[in-house]
Amino acid sequence: MNIVDFELIRLTKDHEFKSFDCKDKDLNEFLLNDSKNFLVDLVAVTYLLESDNDIVAFFSLSNDRISAEDFESNNKWRKFRAKSISSSKRLKSYPAVKIGRLAVSHDYKKNHIGTSILDYIKELFMDNNLTGCKFITVDAYNDSLTFYEKNGFKYLTDEDNGKDTRAMYFDLLPLDS
Amino acid sequence: MAKPIKETPILRGKDAVKFNQEMEKSKSEIIPKAIRERMKSNYSLLKSIAKF
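Just so you know, the sequences run in chain order A and B. With my numbering applied, the first sequence closes on residue 177, and no number is skipped along the way. With my numbering applied, the second sequence closes on residue 52, and no number is skipped along the way.
No lab work stands behind these hints: they were computed from the structure.
Subject to a maximum C-alpha distance of 16 Å in a straight line, what follows is the list of computed EDC-like cross-link-like pairs (lysine to aspartate or glutamate):
#, chain 1, residue 1, chain 2, residue 2
1, A, LYS134, B, GLU22
2, B, LYS51, A, ASP52
3, B, LYS14, A, ASP70
4, B, LYS18, A, ASP158
5, B, LYS47, A, ASP127
6, B, LYS6, A, ASP26
7, B, LYS6, A, GLU159
8, B, LYS27, A, ASP176
9, A, LYS154, B, GLU29
10, A, LYS109, A, ASP21
11, B, LYS40, A, ASP127
12, A, LYS163, B, GLU7
13, B, LYS6, A, ASP164
14, B, LYS47, A, GLU50
15, B, LYS14, A, ASP160
16, A, LYS154, B, ASP15
17, B, LYS25, A, ASP176
18, B, LYS47, A, GLU7
19, B, LYS47, A, ASP5
20, A, LYS36, A, GLU16
21, A, LYS109, A, ASP143
22, B, LYS14, A, ASP158
Pairwise CB distance ranges, derived in the manner of DEER restraints:
#, chain 1, residue 1, chain 2, residue 2, range
23, A, ASN63, B, LYS27, 22 to 32 Å
24, A, GLU29, B, GLN21, 35 to 45 Å
25, A, ASN128, B, LYS27, 15 to 25 Å
26, B, ARG12, A, ASN53, 46 to 56 Å
27, A, HIS15, B, GLU22, 31 to 41 Å
28, A, GLU159, B, ILE31, 23 to 33 Å
29, B, GLN21, A, PHE17, 37 to 47 Å
Each residue gets a CB set at the ideal place from its N, CA and C atoms; glycine is no exception.
Can you build the whole structure from these sequences, using the hints too?
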């Protein structure tokens, strides 16, 4: 397998899907049933890595943000917590791009294609950051958590621990050094 | 229909403190040269086959 034998294309409304099976029914359904609707609704854009005969992998991107209470120090957090003040006016938001879904065909597993795609997305927003993007976020399936951890992603919260997907993020800033 | 893509949660309390601390740490984080080169190489490869 050589990645230069494939094509990376942007999904269009009239695209005819080649065969794809990542052995996860939900991800297969997302590609075949939802990805075009997300495109039409301007919610997410899906990209396909294709060989001559099948879809090797796909990923969907959308705009996102990370919003967090802004504390200058832990002392401020303790005072804040003690007073139980509403935090709605103290949120700080950072621009991000979200990987809604990413999947690799079962036939192409163990070739580090998922890591290559993550590297591509990270570098894409460093090389051509048209509007400002500080983080990559992902709604990660449970069986992919280790994969994202190995690629430098961190968990946003522990509250989704044990759920079917978990929110993770990657900080692009260190790539700028 | 596949399960919906979840919204990224708004971080409050301990989650917000941890996130802000991690963001501060990342300012001085240095990615190993080998990993950075791999990332750039993968980017170039996929960029070279991109049809958009």
